[in-house]
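Participant: Given chain S, work out where chain Y should sit, using these hints.
As you go down the protein sequences, you meet chains S and Y in turn.
Numbering-wise, this note's numbering comes out as the position in the first sequence, counting from 1, plus 17.
Numbering-wise, this note's numbering comes out as the position in the second sequence, counting from 1, plus 203.
Since the hints were made in silico from the structure, they are not lab data.
Glycine included, C-beta positions come from ideal geometry on N, C-alpha and C.
Any given hint might turn out to be false.
Rough simulated footprint, nothing fancy, chain Y against chain S, three-plus residues with beta-carbon under 8 Å [claimed, not checked]: (1) 62-70; (2) 97-105; (3) 115-124; (4) 149-157.
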Amino acid sequence: MTAAFAHSLTLPLPEDTAALAACIAPRLGPGDVLLLQGPIGAGKTHFARSLIQHLLAQADAFEDVPSPTFTLVQTYEAGDLEIWHADLYRLSHPDDVIELGLIDAFESALCLVEWPDRLADLTPPGALVLGFAANADDSRALTIASDDPRWAATLKGCLDDTA
Amino acid sequence: MNKPLTILGLESSCDDTAAAVLRHIEGEPAEILSSVVAGQTELHAAYGGVVPEIAARAHAEKLDICVEQALIQANLTLAQIDAIAVTAGPGLIGGVLSGVMCAKGLAAGAGKPLIGVNHLAGHALTPRLTDDLRFPYLMLLVSGGHCQFLLVRGAQDFTRLGGTIDDAPGEAFDKTARLLGLPQPGGPSVEAEAARGDESRFKFPRPLLNRPGCDMSFSGLKTALLRARDQIVDEKGGITVQDRTDLCAGFQAAVRDVLAEKSRRAIEEYLTLSPADPVLAVAGGVAANSAIRAKLETICAETGTRFVAPPLSLCTDNAAMIAWAGVELYRAGQTSGMDLAARPRWPLDKTSPAMLGSGKKGAKA
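Next up, chain S with everything else stripped away, as it sits in the complex (with noise of 0.2 Å):
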C-alpha cells in the first residue's frame, strides 16, 4: 500500500486507547472500514470495543461487546448505523469472506475487521489500517496509515494529543 496518509503513535495505557477510539468514532459512518492488524494481546479488540461501546452509548444503546473470534461476526446497531466487528482469524478461505456478508457491509455499515491478511485481494479501497503492536512496557506502539488522504482531515485532533 502507499501510504497517502500515515501517523505512528504511542498509547501508553489501555485508557489512551480507549480515548483514542472515542474520539475517532462519532468521525465515522457507513462505508467506513477500519483494519485491524497485530498479533494476539496487541489491543485490536480492546480498541474496537471502546469504539463500539462509544457509539452505542451515543445512540443511547447499551449492550455486550464480546470477543468475535468465535462467532467470527458481531453486529451492531447504534441508531441507524450498523456496524460489523469481525475476526477473520478462524477463516480458511477468501470465498468465506463473501459468504459472510463482508463485501456487502464494507459499503453499508461501519466495519472493524480484525485479522484483514485474510481478505487478501479482497481489501476495500481506502480502508483506515491500525497497526498494533506490544511494547516492552505494557504501552501500545500504534501505526494508523491508509491509501486515501481523507483520513488526515477525518482523524484531525485525534492523533496529535495523544502521540
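Facilitator: Chain Y alone, transformed into the frame defined by chain S:
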C-alpha cells in the same frame, strides 16, 4: 395427558450442522432417539470449533442429510413427528437462515407446528434434559464465544447474573495455545501441559476478582502471558519445556480461580431464592477441564449446592438440546408462525443491564 411428544430438532447457527429426534412423556426422562452432528469432531466443537462452516449452502445441504439420518436412526417418518424445533438465533445469519428455511419447509410440507428456539436457551435447558432439574437452577454456560451465569427460573425465564466482558475461557485457552505453539484446540493441550507445571512460578492477574458482581475478564490474561513469555525469551533466547508447562499451569490457575470465585458469588445470589434442591449446572468445555471442574465441585460442596455437568456431547452444539427446548416451548404453547425470522442477535435476558464496561460508567474494560 401422558401421550408421548416427539420433536425433531434442527441446529445450524454456528460451526456445526445437526438434527435430532427426541421423545418425551411428561413425568418421565426424555429419550434421545437420534442425534446427528455433521461437520466437526466432538473434540473441536467442544472448544468452539477450529474450521467454521460459513456457507449457507453447505449448511442447507448438510441439514437435509442430517434430518434424513436422524429420522432413519429414530426409525420414524416425518409424519410421526409432532413438531419441528429449530434454532432461530443467535448466530451467523447464513447458517441460521438455512435452518429456519429447512424447518419451515418440513413443517409446511408435513403440516406440523414450527417452534423457534434460542440457541442459548437450548444450552441453558440441557440440564433439564440430562438431569431432570427443577427450576430455579444456576447455570454456568460456556459455549464457544459465550460465558455467562444464568439464573434459570423457567423455560423462557432467564436472568443473567454476569459473564465475561471480553474473551470466553475457551477462547483464552485457544489463544494461550497459539502464543505457546501448542496444538489447537487449546483446552486439552494447555490442560495437559498445565498438569506437569508449577502454577506458583508465574503470578498471573485475576481480573475483576475484587470487584462486586459476577462479571469476568480473561482478555488481560493473554497479555500477561505474552509478557511473561517474552521476558523468558529475552533472558534465555527461548522457552524450555518446563517454562511452557509452568506458564500453562499459571494461566490455568488464574482462569480456575476467577471462575471459582465468581461461581461462589453467583451461588450466593442464587441461594437467596431458597431453592429446594440447589444446583449449579456447568455446560461447556470448562466442565471438561479437570482442574477447573474439581475447584467448582469444591465450591459447590462448601455451599451445599449440587454440581451437575451434562455430558460434553450435549454441551457442544447439537440438535437434541434444540429438540428438548422445543418440548418445553411446545408444552408452554409457544409455537411459531411461518413468519419465524432468523435472528443474528438474540440475548436470552433483555432485562439485565449489559455487562460491565458497556454502561454509562465509560469504557473501563
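Participant: With reference to the structure, classify each hint as holding or not holding.
Facilitator: Results of checking the hints against the structure:
1. For a cut-off of 8 Å, the count of residues in the region 62-70 of chain S with a CB near a CB of chain Y stands at 5, and the three-residue condition holds.
2. For the region 97-105 of chain S, the stated coverage by chain Y is violated: 0 residues have a C-beta nearer than 8 Å to a C-beta of that chain, whereas at least 3 were required.
3. Residues of the region 115-124 of chain S with a Cβ under 8 Å from some Cβ of chain Y number 3, which satisfies the need for three, so the listed coverage holds.
4. Counting residues of the region 149-157 of chain S whose CB lies closer than 8 Å to any CB of chain Y gives 3, which reaches the minimum of 3, so the coverage claim holds.
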